[in-house]
Structure formats: structure tokens, C-alpha cells
Amino acid sequence: MNPADNNSVCSAKIDASCRVPLLALFGGAALWLVLGLVFAIIASLTFHQPEILAHCPFLTYGHAAAIANDLLVYGFAIPAALGVMLWIFARLSQAELVLPIVPVAAAHFWHLGVLVGVGAVLTGHSSGYTWLEFPRASAMLLGVAFVLVAVSAVATFGQRQERELYPSHWFLLAALLWFPWIYSTANLFLVTTCPVRGVAQPVINWWFSNNLIFVWLALVGLGVAFYFLPKIVGQPLKSRFYALFAFWTLIVFGTWVGIPAGAPVPAWLPAISSVASLLLVIPLTAVAVILCRTLCGAKVASLGGTYCYMRAGSFLFLLSGLMLCVTGCPQISRVVEFTWFGQAQVQLQILGFAALILIGAIYDILPRVMGTELPFKKFVNAQFYLSLLGVALFVIPLAVAGVKQGRAGYDPAAAKLWLMISTTGLLFLLLGALLLLVNIFAMTLKWKLGLVKMVYAAVTAPLETKEVKS
Amino acid sequence: MKNGFGVFFAVVLALGASWVGLVVAPVVQLGTAKQATVLVTGETWPVQRTGEATLGAQVYCANGCVACHTAQIRQEGATFEIVLTKPGKNPVAVTNLLAGLKLSGLSKDEADAAAEKIKDAGGVTASYVHPFGADITRGWGVRQSVAADYLYDYPVQLGNLRVGPDLANIGGRMADANWQLAHLYAPAAYVKNSAMPSYKFLFEVRKLGATPSPDALNNLPKEFAPADGYEVVPRPEAKQLVAYLLSLRADVPLYEAPFTPNSKP
Chain A
1 MNPADNNSVC SAKIDASCRV PLLALFGGAA LWLVLGLVFA IIASLTFHQP
51 EILAHCPFLT YGHAAAIAND LLVYGFAIPA ALGVMLWIFA RLSQAELVLP
101 IVPVAAAHFW HLGVLVGVGA VLTGHSSGYT WLEFPRASAM LLGVAFVLVA
151 VSAVATFGQR QERELYPSHW FLLAALLWFP WIYSTANLFL VTTCPVRGVA
201 QPVINWWFSN NLIFVWLALV GLGVAFYFLP KIVGQPLKSR FYALFAFWTL
251 IVFGTWVGIP AGAPVPAWLP AISSVASLLL VIPLTAVAVI LCRTLCGAKV
301 ASLGGTYCYM RAGSFLFLLS GLMLCVTGCP QISRVVEFTW FGQAQVQLQI
351 LGFAALILIG AIYDILPRVM GTELPFKKFV NAQFYLSLLG VALFVIPLAV
401 AGVKQGRAGY DPAAAKLWLM ISTTGLLFLL LGALLLLVNI FAMTLKWKLG
451 LVKMVYAAVT APLETKEVKS
Chain B
1 MKNGFGVFFA VVLALGASWV GLVVAPVVQL GTAKQATVLV TGETWPVQRT
51 GEATLGAQVY CANGCVACHT AQIRQEGATF EIVLTKPGKN PVAVTNLLAG
101 LKLSGLSKDE ADAAAEKIKD AGGVTASYVH PFGADITRGW GVRQSVAADY
151 LYDYPVQLGN LRVGPDLANI GGRMADANWQ LAHLYAPAAY VKNSAMPSYK
201 FLFEVRKLGA TPSPDALNNL PKEFAPADGY EVVPRPEAKQ LVAYLLSLRA
251 DVPLYEAPFT PNSKP
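Note that the protein sequences, when read in sequence, are chains A and B.
Here the first sequence stands for residues 1 to 470, where the numbers follow this note's numbering.
Here the second sequence stands for residues 1 to 265, where the numbers follow this note's numbering.
If you're looking for bench data, these hints aren't it; they were derived computationally from the structure.
The structure presented is a predicted model; accordingly, all values stated were derived computationally and were not measured.
From the three backbone atoms N, C-alpha and C, an ideal C-beta is built for every residue, glycine too.
There is no bait here: all hints are sound.
Ranges of calculated distance between the beta carbons of each label pair, as one might list FRET restraints:
id, chain 1, residue 1, chain 2, residue 2, range
1, B, E223, A, A267, 41 to 51 Å
2, A, T193, B, T50, 14 to 24 Å
3, B, V28, A, V144, 28 to 38 Å
List time: in silico DSS-like cross-link candidates among lysine-lysine, alpha-carbon distance up to 25 Å:
id, chain 1, residue 1, chain 2, residue 2
4, B, K117, B, K89
5, A, K378, A, K448
6, A, K377, A, K13
7, A, K404, A, K416
8, A, K231, A, K13
9, A, K231, B, K2
10, B, K207, B, K222
11, A, K299, A, K377
12, A, K416, B, K192
13, B, K2, A, K238
14, B, K102, B, K117
15, B, K192, A, K404
16, B, K239, B, K200
17, A, K378, A, K299
18, B, K200, A, K416
I would like the entire structure built from these sequences, with the hints used as guidance.
Written as C-alpha cells, this is what we have:
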């Protein structure tokens with residue numbers, strides 16, 4: 001056996017070790033993505049006809065919009081990211097996943113936590129903080145589940161053959177440390193029986209929201225993209241130094257963003273945040289340079305599939321980062337504060353950047369860990385174009401609506417037409433998400449049937465004569 | 001970075017700094033805040049909510065009202081106005097002086113200089129503060145919201161999107177509880193092109209008994225009124241929510257947000 005064969009056998013073993021945890025994480029994530037988009041559509045129906053769900057106490061706009069956001073981040077993005085991270089750590093370490101049973105259990109805890117949280121918000125038991133609507137019981141389940149997956153990921157990281165770290169390692173390890181820190185802080189200070197007083201609450205809430213939606217998703221998305229892009233284009237990330245620079249500036253500046261200008265808090269807080277958001281132009285430039293230098297001149301065999309997802313996702317990150325960056329400018333923030341513009345940026349970050357990269361990674365990883373082809377291979381490119389169209393039709397109208405609304409002094413009529421257009425974007429996104437769900441569930445079903453057949457065959461197989469005692 | 005400890009160190013340094021700056025420092029600075037003192041009257045602020053309004057805050061939170069309503073007034077600045085309160089011993093000189101002076105729309109320094117001149121001529125003046133800004137022009141508030149306004153709130157729901165109007169001072173500008181109840185039941189009947197869904201589930205439509213309920217909404221426009229022989233009665237949640245809305249006020253002058261009540265520039 002030559003070394004290459006040995007390597008591929010080894011890769012197959014590593015992939016197989018990730019199979020069950022990844023199925024548990026991705027399957028739930030795909031389901032929550034579909035449900036999250038359904039809730040987003042329900043919420044946006046209110047713009048077409050405010051009375052449409054007025055009789056239903058469960059589906060007020062406030063409930064549906066909060067659940068949609070929570071499902072997209074806690075339901076889809078985080079478990080999908082955890083699954084992709086586990087696999088990347090195993091692959092980079094050239095080692096099988098350590099303690100695979102732990103992330104399997106954690107995936108179930110996680111999805112249970114999301115279910116409990118959604119039930120609580122639907123029945124009016126939201127905590128009332130943005131991105132922290134889930135009540136205490138649910139937050140505890142999510143926290144424990146995340147730590148369990150992180151333990152398995154870090155243990156696998158410890159098994160690595162090469163001691164030197166890859167740029168992906170920095171981003172993904174930082175993400176593993178980042179979330180438990182911000183999530184526990186936010187929950188312990190806010191969603192407890194003795195919360196902090198007064199406006200310290202929204203300050204912590206803003207800190208958490210930005211560190212989750214901007215920094216955490218950026219760490220995960222870039223970490224994953226910096227793993228796949230060089231592999232697909234067949235040349236190393238250019239360069240390691242730029243990546244290190246982008247990593248440091250992203251976490252050092254990014255973490256201070258989020259306190260809106262003019263908020264009723266001591267003036268030094270929004271001042272720091274505004275400066276930090278303007279400084280984001282530095283990591284964004286570094287990422288742009290890395291992408292250009294790594295991708296330009298690369299001869300890529302296939303211009304479809306994962307490569308498209310990764311490339312589009314990374315460029316949408318630059319756009320979303322730029323949208324956040326310009327709000328640090330007082331002339332702009334005065335127009336767009338409290339408008340749909342901010343929502344457009346958040347949705348671009350989640351559905352454009354993070355979701356594209358994660359879905360691209362899932363489509364690459366799934367066939368490997370299952371050891372079979374995707375049941376519906378054509379869905380991969382179909383979903384890519386649907387998602388891209390969906391993001392454009394969702395985010396651009398929202399941003400335009402934001403500017404119009406800001407200029408018209410928050411007159412709801414000014415933004416109405418654009419909000420109605422944004423619903424079509426959600427429909428395309430939903431269609432794309434359904435393709436992912438069908439692919440994952442068909443694959444899981446096939447695998448489970450295979451298992452049943454195997455067991456059945458083993459049970460019904462005639463015993464070999466030599467084992468029968470006479 | 002050569003190993004995992006490098007990454008750990010980077011995260012602790014970066015996130016630790018913002019954790020100290022944006023979590024610990026605000027808790028230290030704001031967590032010990034006490035009631036503020038209202039300028040001129042010397043009363044304490046904010047006023048503790050009634051039990052019903054506190055329950056209403058929970059209804060507000062449970063229904064996710066914060067998704068569409070902010071509760072924070074922004075202010076771009078303030079102008080000063082000098083008003084003569086006593087002409088003093090030499091009214092002619094003061095009158096002549098006043099004719100040549102700009103008295104409203106002044107900055108703090110200009111106002112001080114003008115007041116000084118009038119004082120030198122023997123007049124006694126008062127200075128009025130007029131906050132300005134888009135929110136104030138819109139009539140949503142009389143001054144900016146400040147940290148002291150939210151001292152008793154849990155959760156503090158500042159909001160970040162204005163699909164509907166700001167509610168920081170709704171109790172000051174729409175103090176009619178009946179209007180608030182009727183508006184919750186049928187927003188479109190009271191606000192043209194309202195984007196707000198009705199909150200019908202906070203009300204009960206029931207058959208008129210021998211005596212009508214004293215709480216029933218009685219002046220709904222025809223197309224929103226219930227059928228003959230029925231009445232719309234607010235459930236306790238609706239009344240609590242309205243009590244909370246009426247408790248939302250930011251209309252007293254504070255040290256950090258001064259203004260002169262009842263004085264239009």
C-alpha cells in the first residue's frame with residue numbers, strides 16, 4: 001500500500017468517526033433553518049396585512065420575528081458550525097474524533113434547548129432581551145451542550161500530528177472559547193433572578209448581540225472559508241501573516257462594536273463603539289487582500305458546489321462588515337438608526353455570509369462522512385442560486401427600506417413597498433433550505449435503512465456449520 | 001501563533017478587554033445608580049410603577065412589543081432663551097438693550113453673555129432651555145431619554161427598530177386610557193395607514209348582559225364595533241398593558257437632561 005492510499009483510508013476512517021455526531025447536528029440544523037424561515041415569512045406577512053394573525057396570541061409579530069432570528073442563529077448557524085468545526089478539527093489533526101458519543105448527546109441537548117426556547121417565546125415567556133429571548137432552562141441546556149461539543153473538539157485538536165497551527169485553527173478555537181464566555185456572561189447578568197440595574201442591561205445585551213452575530217459568526221465563517229478555499233483552489237492561504245493580522249484586528253476591534261450612538265447611557269460607551277466600528281475597515285481590508293491573493297489566478301476545476309458557496313459567502317462578509325463599519329460614521333448613523341438598515345446588516349451576516357459558508361461546507365462534508373454520494377446532487381447548485389437570489393431580494397429591499405424609513409421620519413408607509421418585496425427573498429431562501437433538508441433527510445433515511453438491513457441480514461443469516469455443536 | 005495557548009491568550013486579551021469595558025465598567029458605573037432629583041421641584045425620579053403597570057410591563061415583554069417600538073428619545077442639542085423677569089430700576093435702558101440683543105436660539109455661552117449684559121443694566125433674567133432634535137420635533141418627547149429613566153425597569157426594553165412610534169413618553173403625550181385601549185383593539189381605526197396589528201386577543205367580545213360592563217369600549221367607529229347586542233371588554237392584560245404605557249414618561253427636567261417645562265421657543 002502506498003502512502004497516498006494509506007492517507008485516503010485514514011481520511012475515510014476519520015470521516016466515519018464523525019458520522020453520527022454530524023448527522024445529529026446537521027439534521028436538526030437543517031430542520032430549524034426551514035422552520036426559522038417559515039417564522040420569518042409569518043412575521044413579514046404582517047407588512048402585507050397587519051390584521052392577518054391578529055386573532056392568534058401565539059403569532060404576534062414580536063413572537064414570530066424573535067423566533068425566526070433565534071432559530072436562524074441558535075437553531076441553524078451554531079449547531080451547523082459546531083458540526084463543521086468537529087470535522088475540520090478531526091481532519092486537521094489527522095485523527096479520529098475523540099469521544100464521538102459526547103457530541104451526539106450534546107446535539108440532542110442543543111436541539112432540545114432550542115425547542116424549549118421556541119415554546120417559551122411562543123407562549124409569551126420570552127426574557128425580553130434581543131438574541132437572549134430563550135428562558136433560563138433553555139439557556140442552560142444550550143450552554144452545557146456547547147461546552148460538551150467544545151470538549152470533544154478540543155480533545156480531537158489535542159490529538160494532532162503536526163504541532164503547528166493552521167489559520168483555521170486560530171479562528172475556530174477562538175470561536176469555541178468566545179461563545180461560552182459571552183453566553184454565560186449575558187445570561188448570568190440578565191436572565192437571572194437578580195439582574196443588573198437599569199441601562200447596564202441593554203449595554204450588556206448590545207455587547208452580547210454584537211459579539212455573537214458579528215464576531216462569533218465571523219470567526220466561524222472565516223475559519224471554515226480559510227480551510228476550504230485553499231484546499232479547493234489548490235494553493236496555500238496567502239498569506240499566513242495577513243491571516244494572523246486579520247484575526248487579531250478582528251477580535252480586538254470587533255468585540256467593542258455594538259453600542260448605538262446616542263443611546264441613553266454614559267457617552268463614553270457609544271463613543272468607543274463608534275470608533276471600533278470605523279476601525280473594522282482594517283480587518284475587512286486584510287480579509288479582502290487574503291481572498292484576492294488566494295483566489296486570483298487559481299485554476300479551479302469545478303466552478304460549482306462548495307467553492308461557489310465559500311467564495312460568495314466570504315465576499316458577503318466583506319459587504320456585511322462594511323455595512324456595520326459605516327454605521328460608526330455619525331452622518332450615516334443619524335439616518336439609519338432604528339431603521340431596517342441594521343436588520344438588513346444582521347440578516348446579511350446570518351443568511352448571506354454564515355449560512356452560505358456553512359451550507360457549502362455541509363455539502364462537501366456530508367458525502368465524505370456518509371461514504372456515499374448525495375442523493376440529489378443537482379440540489380447543491382440549485383440551492384446556491386436560490387440562496388443568492390433570496391439574499392439579494394431580502395437584504396437589498398430591507399436596506400433600502402431602512403434608508404427610506406430614516407429619511408421619512410419613521411413613517412411606516414415609506415418602507416412598506418420594500419418590506420413587501422423582501423418577503424419574496426424569504427420565499428427563495430425557504431425553497432433553498434428545503435433542498436438542504438431533503439438531501440440530509442434522504443441521506444439519513446438511506447443510512448438507517450442500510451443499518452436495519454444489515455442487522456436483519458445478520459439476524460437471519462444461517463449459522464455457519466462449524467459453529468453448530470453437534 | 002504556534003499552539004493552542006497562543007489562541008487562548010489572544011481571546012483572553014481581546015474579549016477580556018471588552019468584557020471589562022462593556023460589561024464590568026457599566027455595571028460598576030450604573031449598577032449603583034440611585035434615584036435622580038427632578039430640577040426645580042426637587043422630587044425624586046423615576047417614580048415607582050404601580051402594581052398594575054408592573055404587570056403591564058410583563059405583558060409588553062411577553063408579546064414582543066419591543067420588536068417594533070423603541071423607548072428612547074434622542075436629542076441633538078439644546079438652545080437657550082433669555083427671558084426678562086424684572087425690568088429693574090432703569091426700565092428704559094433695559095428695553096433699549098433688549099431691542100439690540102438676540103434672546104432666543106442661543107448657545108450656552110451666548111446666553112450667559114446676554115444675561116450678563118442685562119444684569120449690568122439692572123434687569124433680572126431667567127434662562128430657558130429648549131432641547132431640539134428630530135424626535136422632539138416629531139412630538140415624541142420633550143427631552144432626551146437618560147439612564148435615570150430606566151432605573152426600575154426589568155427588563156429594560158430600549159428597542160432598536162421603529163416600525164411604530166417611540167414610546168418613551170407615550171404616557172405624557174397620550175394620557176387617555178380609553179384611547180389607548182381602543183387603539184390596542186383596533187389601531188387602524190385611530191391611526192391612518194397604521195402598520196400595527198390589532199391585539200384583539202387582549203379583549204373579550206361578549207353578549208350584552210342586563211347591565212353593560214363599565215369597562216366596555218364604547219366609542220369604537222362603526223366598522224370596528226362589535227355586532228348589535230355585543231360589547232368589547234378589555235381583559236386584565238389589556239388594562240395592565242395600558243397602565244404600563246401610561247406609566248412610560250420622560251417629561252421631567254433632570255440635571256443630565258434639563259429643559260424648561262411649558263415654554264415653547
